[in-house]
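In order, the protein sequence lines correspond to chains C and H.
Per our numbering, the first sequence starts with residue 1, numbered consecutively.
Per our numbering, the second sequence starts with residue 467, numbered consecutively.
Hints in this document: simulated from the structure, not taken from any laboratory.
Certain hints may be false.
On the chain H side, residues computed to face chain C include the following (Cβ under 10 Å) [to be verified]:
| id | residue |
| --- | --- |
| 1 | L635 |
| 2 | Q658 |
| 3 | A662 |
| 4 | P667 |
| 5 | L671 |
| 6 | I673 |
| 7 | G774 |
| 8 | V777 |
| 9 | P794 |
| 10 | V796 |
| 11 | G804 |
| 12 | N806 |
| 13 | L807 |
Glycine residues also receive a C-beta, built at the ideal position from the N, C-alpha and C atoms.
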Amino acid sequence: MARFLMRSVVSTLVTMLIVSAVLFTLLEVSGRDVTVQILGVFATPEQRESLRKQLGLDQPAFIRYVDWLAGNDWRLRDELGNVQTVFNEVSQEPEWYILLDDGRYVRHEACNRVEDIDSGFCESGEMLYLVRNEDSSFFREKAGDVWTEDPETGENIFWGVDTGNRAAKWVEGGGETAFVSTQTGVQELSGAAVQWVPLRKGLIRGDAGVSLKTTRPVSKTLPVRIRNTAILAGLAFVVVMPLALFLGIITGINEGKFFDRFVSVTSLALTATPEFVTGVLLILIVGIYWSTDWLPSLVEAGWLGEWALEALKVPTTTLADSPNAIFEKPKELILPVLTLTAVELGYIVRMTRASMVEVMAAPYIRTAIIKGMPFKRVVFRHAVRNALLAPITIIMLHINYLIGGIVVVEVIFGFQGLGKFIFDHSIFGDPNAVEAAAMVTVIIAIATRLLGDLAYTFLNPRIRYA
Amino acid sequence: MTTTTQPESTASRPPSRLSKIWKSSSIIFDSPIGMVGLAIVVFWVGMAVLSLFWTPHDPNEQYFRDQRRSAYIMTYLPWVDLEDYDEITRPDPRFLLGTDKTGRDILSRVMAGGQVVLLKTRIPLPTDDVRRQDEISALSRFLDRIAPEEWDEFVIPGGVAIWGVLGSLVVGTTFGLLAGYKGGWTEQIVMQIMDALVAFPRIVLYIVVIAALGQGDLVIIIAITVTGAPGIARLSRSLALDIKTRDYIRAAETRGEGLFYIMFREILPNARGPLLVDAMLRVGYAIFTIGTLGFLGLGLQPPEPDWGSMVNDGRELIFSQPNIVIWPAVAISTLVIGLNLFADGVREELSRYQK
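Pulled out of the complex, with its shape left as it was, chain C reads as follows (with noise of 0.2 Å):
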């Protein structure tokens, strides 16, 4: 046994380094400039390509890849020295510093402020150290000459942390025109660094890296989505599961009868329609004609009272863009439920009825029925147990594929979870967000298939694993 999860470890480990370096590796060529992503269609060549070297985007793909995966400040602590994260109080978000001989935190920054040169603080170009404050906030210092010669070419350079958490850079006397992108547009900014290298601690150590799109630490905003994904596939869980077990168990033991082929024919029609469909025909029945029509017209004939007219009400989609609106509004959860509860349904129902009736047939159930045991005794003693074990192997399985089913739901209804997280930061090409999400699923996808064989382990004690 200890060797089985071994083996399922190492292998978990070889998948996900597979799928990364794929993931990456598509999303190297696809040729989706992110910089117009990001600045939008009208920006120059120049401004592109000064955001592209501040992303890192201009050092090759490979090198990236390491240090997307394993970091990259034990590679630069050479030219930048002790470089640590140290955790802002206020953005509640971990930032890089340089921890200094003399015990400060310092980043860097080239004299560029107008304020700053005009009262005569330093000169247009010499380098400043932003001292770390214990409450997170920092003040200006002059660095003094902090100049290494450049063998190569010659000329003066300084390595440093720039306040966007990037190794950077500069060249005395040099510096060339950055272009900056801040809420009110594309900024100049002059005496800037020339080389940017985004610092980060790489996955293995926990650092998924910064969103390109919402420039936040995936870290912070990925768990709130997959808590939300959670909390609907879990609703869903517990509402399909019994319902599709005793469905399933109910038609296998009346094969042939009315009840069996009704059932049998709507969980095959549940099962072959698609999520969107089913999603967008739920909008139509529960959130239009329910909500709008048969809702009001039940209260007026008396059937319910006025309170029914808010109370029973369905809300059609998720307006509110929180991630947390699903605490505030609990309601919007019932759409999305039950749509994957209908796609969901079928499926399982299928599974069940058909592993059922399969062990209702065995020599051994016959034996019980005609040794003159209860009915009801063979079904729950002798057939269910038996019974249950296809379908628990097969629906475990079948959670990767809901993962895809999970995107769809989640991208009719405006759900703030992790399959519209996906799907939004992969529209968006924004590979730090995808690899950590898609190495999420990729978790998710082999450890329940390991839960699958061990609960197969549990159930069928003739099982073995070597």
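Position chain H relative to chain C; hints supplied.
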């Protein structure tokens, strides 16, 4: 291929190949479920074929373009009351199912929607039109050389779903049979890669592949191939594991046959039953996938109708005109249900046949 070894004219020859195929495929007529499925599939294929020659209206013509400029209003004046669209989208004797928001006939579009899925695959050829530069591959450059000058796209028979499933069959069986027959390290490596593909979040794969290669029929075929192959590989591997222990494989090995001969001429024909049933189900999934991609706005090339995109387009008018959404949705579901029923029927009959 097999007929080359047989003499051409043999009057007393046992039943011809064609009649053998007919005999083995006619078992479907014994299954009522399979027949219902077949009827549904034939209905939609018939609709698609019919629409090649005749539809009530031109599916791509915008009949209300001049009167209402609805697309413009939709895009730039979203606060305009949707009720105003009633007039152009409502069913009337001329447009039995109504029109969509740009004034195209829903009935014609639903009929023609099966074409790209089942009947034809379009490969755009390099043209001067910048809007069509998305999918210019080596293949389309080659086709441009052999196609007549005035063609701007190359149409091959067989829909996107069919080609996608064929592609995944070819890729899947090659790797699956290789893994199952060779065993050892080959199996480990192949199955590890296939497992990785299975674990790959499909929707990301689709989006990224489509982003990488541009939107178009060929790209969708590639996407379906890549996502379908692991499942088929898994199935054909397990079949190969069973078949390779048989004596005729031993005999072929002793004769000194090559790896590919054994894989494709000895193992594959004996594994075709389950593979065919699986492929039939996969055509259903492929239609499903094409619809979903169309719905997400990543589907086949506009303006030709595609059910998924039609549902997506009609979604914003669902409150005033549910017709636009309902009919393409019904088309997709019934076609997939039909294929499922058909595959179920075949499987049922096959397993009875084997007993």
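Evaluation of the provided hints:
Checking H:L635 against chain C: minimum C-beta separation of about 20 Å lies over 10 Å; hint violated. The closest approach between the C-beta of H:Q658 and any C-beta of chain C is roughly 6 Å, which is under the 10 Å cut-off, so the hint is satisfied. Look at H:A662: its Cβ gets to within about 4 Å of chain C, closer than 10 Å, so that hint holds up. A least Cβ separation of about 4 Å between H:P667 and chain C falls short of the 10 Å threshold, and the interface hint therefore holds.
This hint holds: H:L671 has a C-beta 8 Å from the nearest C-beta of chain C, less than the 10 Å allowed. At about 4 Å, the closest approach between the beta carbon of H:I673 and any beta carbon in chain C falls short of 10 Å, and the interface hint on this residue holds. Annotation: interface hint on H:G774 holds; nearest CB of chain C at approximately 7 Å, less than 10 Å. Hint status for H:V777 relative to chain C: holds, with the closest Cβ pair at about 6 Å, below 10 Å.
A cut of 10 Å between beta carbons decides the hint on H:P794: the least distance to chain C is about 9 Å, and the hint holds. Against a cut-off of 10 Å between C-beta atoms, the interface hint on H:V796 holds, since the closest Cβ of chain C lies about 8 Å away. Evaluation of the H:G804 hint against chain C yields a held restraint, the C-beta minimum of about 8 Å falling below 10 Å. A hinted interface residue such as H:N806 counts as satisfied when its beta carbon comes closer than 10 Å to some beta carbon of chain C; here the least separation is about 5 Å, so the hint holds.
Here the hint on H:L807 is kept, as its CB sits about 7 Å from the closest CB of chain C, short of 10 Å.
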